[in-house]
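Asks: In case you want the letters, here they are:
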Amino acid sequence: MKRLAYTLLLASAALFAQELNPSLLTKLSKGSGWPTYNGDYSGKRHSPLKQIDTKNVSTLTTAWTYQVTNYGTPSFGNTLKATPLMVNGVIYITMPENVWAVDARNGRELWHYKSPPTPGFHIGHRGVAMWGDWLYFETPNCNLVALNAKDGKERWSKPIADTKLEYFCTMSPLVIGNHIVTGVGGDSLDQPGYLQSRDPETGALQWQWNTEPKPGEPGSESWPDVDSMSHGGGMTWITGTYDPELNLLYWGTGNPNPVHAGAGRKGDNLYTCSIVALNPDTGKMAWYYQVSPHDTHDWDAIQTPVLFDGEFQGKPRKLLAQASRNGYFFVLDRTNGEHLLTAPFIDLNWSLGLNAKGQPIPDPKKEPSRDGTLVAPSSNGATNWFAPTYSPETGIFYVTTSQNYSIFYLTGEGKAEGFAGRDDFLTFSGSVQAIDYQTGKAQWTHDIGGMGAGLLSTAGGLVFAGDSSKHVLALDARDGRTLWHATMAGNQMNGAITYELDGKQYVVVGGGDTLHAYALAGK
Amino acid sequence: MFKATLLAGISCSLIYAQGDQLGRQDKKPAPIISMTGAQAPDAAAVERGKKIFEPACGFCHGLDARGKSGPDLLRSSLVLRDENGSQIGAVIRAGRPERGMPAFSGMTNEQIADLSAFFKASTLAITNRFGYEIKGLLTGDAKQGEAYFNGAGKCASCHSATGDLSHIASKYEPVELQRRMLLPTPNMMDVFMGKKVKPPAPSKVKLTLPGGEVHSGILVHADEFTVTINENGATTSFDRTPGSQVEIDNPIAAHEALLPRIADGQMHDTLAYLETLK
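Going line by line, the protein sequences match chains R and U.
Residue 383 in this note's numbering is what sits at position 383 of the first sequence, and the numbering runs on without skipping anything.
Residue 1039 in this note's numbering is what sits at position 39 of the second sequence, and the numbering runs on without skipping anything.
Please note that a few of the clues may not be correct.
[As the list claims (entries may be wrong)] Straight-line alpha carbon distances no greater than 30 Å define the calculated DSS-like cross-link-like pairs of lysine-lysine that follow:
1. R:K470 to U:K1198
2. U:K1196 to R:K415
3. U:K1171 to U:K1206
4. R:K150 to R:K164
5. R:K415 to U:K1198
6. R:K164 to U:K1068
[What the hints assert, rightly or not] Sample of chain R residues lacking proximity to chain U, with all beta carbon distances greater than 10 Å (derived):
7. E166
8. Q208
9. E311
10. I407
11. Y409
12. G414
13. R422
14. F425
15. D447
16. D479
If you're looking for bench data, these hints aren't it; they were derived computationally from the structure.
This structure is a prediction, so every number in the text was calculated from the model and none was measured.
All C-beta atoms in this analysis are idealised placements derived from N, C-alpha and C, irrespective of residue type, glycine included.
Could you put the whole structure together from the sequences, leaning on the hints where they help?
Replies: Take a look at the structure:
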């Protein structure tokens, strides 16, 4: 009886100590939690924790597992694509229409929020954001829902896009001060992309940044006419990063529309397939860098713009790096967008080389055609949305990559609309690649069979990855050797997280529909 | 011929690996279209709507409603948000005289609902890219293709136009033939969408354990840690312990090697040649 009372006391203490002070978000990286999609603002997905290291990782064992159930409308694969948050001993994990709170010490479910069945593409869900006592969740039909982190009860719900126009929503919002920054997805009906910032208390709109400029604005010259520009796509479906010192928000934008038909939108099509730097208080753009001018292959440039400081050609710099879906690795100076490096990380065949700004020059002969164009990479890309990681200890950028090919076709008659074409996938090999950011050259690659999982690096000298045979792997960050592996309930698609609780370091990763938590035996 | 690369083995099982990644191997995935929430409208209503639309609206909006002198209706938020005339009804009946659109005041509720169904079907034809028809592939020169087949493409070192490839063009549509010609594996999206597909050619595997014990058979699965072999009907998984050697004969290795080499013109020419093998 006494024990029961004690357990209840502990449980209630856990339930009432969940607040996340947003001002603390700028002082993260202590390893005690995982309070944002990327763990901190930088997008490095690197933890300073080193209880688990290269020497003892072979003794890592399962601490607990938690299988999500009762999630209603099937998701595209019923797989956990979300990166969990872990704040004050509680994990928050999502699937489309669903949020679960789970005790981070033992995997017990604390509550389950389920929205009514929604329209909208249920392709996956990437996670929630947290501000104070509140969680922010994008539903497939693009409502931003505020939930009480203590019990999962809905506080308010605000529409951020319209599914009738084929928008759908999957991403984990980004909290900066009193801004909840939300992005949208959906490129099957030539709608414009945008980012919004909303008030955390009320959900009221604070600002909206549109991917396409308005007529007469800078960038409008990169479109042939108002019709193509106002239907130009450029979705914003993966969480960006933030530099508190520069007060700049960094975001990658998606491909232009119609997706595969470029003839009706001659020009660079700004600001699609770009990395943009915005002021998070106003939504005004400070600079941009377009990684795929005039894309016709569905190569969204939404991959995490990773922020780190380091030397470049002997000079200390504030850097931003992106391994982009088009197969090129880019390094920029994040203070002003100055281009520093472009290097391919797979064998690709669609570009004529680089221009003076380091941008790939698309080969017109490799645009989709009626009779088919063989292109590397496929529309799935040389990488995709899976989170990369950067380790300050090794100075290496790690990313899940794929050497693949597709035959790209143009389809349809009359005015091109929507995808206006399709590609026939040929191959899908995959590997983890360790890229030296100063040269763009691979230090090592590790075959994982197929492309699919996000990465995590730790100060223990490890990179956590997933292969396509349901294994989670711990690799030596220096040479890519496998030091430990375990079999999960399904393939990993999200990124693993790590945190310390009661002196014990946990690594938590989703495999299929199950969260797997690992820790050292005896800790 | 045995080729000892892990990559080769994985590329054979890749279709299923990827299917497992996207879907769950124990649950057949639902077709993508049903996940968008969009329902196909009644075909008869669509046909009636088309017959109303073409003479009444097509002159300005184009016969396909994608715009002419009047706006593209399939990019109109009003049309996209319409349900059985809820949005478009008032506009059709009152017209937009300030923009030169006449009023169709006599249009009945039923006719407007039929127009709505026509717009919905036209929109779905855009949004459902897996329904897009790929055609117009036969642009190549069959003579050049035959030369490539027997020469630089090295196709003839494994295949014969009168042997395994005789009547190949009767078996596959051009789009499928072009893909299988490059890589004879099931279409990834077809696998994912649960369609019936021809399985890839089996790979032979030979495992030599550290003590010298040998197991040979058909490769079922290979990854970094295990190899699963069907040996005379019995399926066994082996750990890839240090010192064990796995040799996988990848039957499509020559196709994989072709992908970085073949030019689009050679691809079209070779397809044109294979199309003569009816």
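Asks: Evaluate each hint against the coordinates.
Replies: Against the structure, the hints:
1. R:K470 to U:K1198: holds (25 Å)
2. U:K1196 to R:K415: With a Cα-Cα distance of about 33 Å, the restraint between K1196 (chain U) and K415 (chain R) is violated, given a limit of 30 Å.
3. U:K1171 to U:K1206: violated (33 Å)
4. R:K150 to R:K164: Measuring from Cα to Cα gives roughly 33 Å; hence the hint is violated.
5. R:K415 to U:K1198: violated (35 Å)
6. R:K164 to U:K1068: Given that 30 Å is the threshold and the Cα spacing comes to 24 Å, the pair holds.
7. E166: With a cut-off of 10 Å, E166 (chain R) comes too close to chain U, as the shortest Cβ separation is near 6 Å.
8. Q208: holds (16 Å)
9. E311: holds (35 Å)
10. I407: violated (6 Å)
11. Y409: violated (5 Å)
12. G414: violated (5 Å)
13. R422: With a cut-off of 10 Å, R422 (chain R) comes too close to chain U, as the shortest Cβ separation is near 5 Å.
14. F425: Non-interface label fails for F425 (chain R): nearest chain U Cβ at 4 Å, not farther than 10 Å.
15. D447: violated (6 Å)
16. D479: holds (15 Å)
In summary, the numbered hints that this structure violates are 2, 3, 4, 5, 7, 10, 11, 12, 13, 14, 15.
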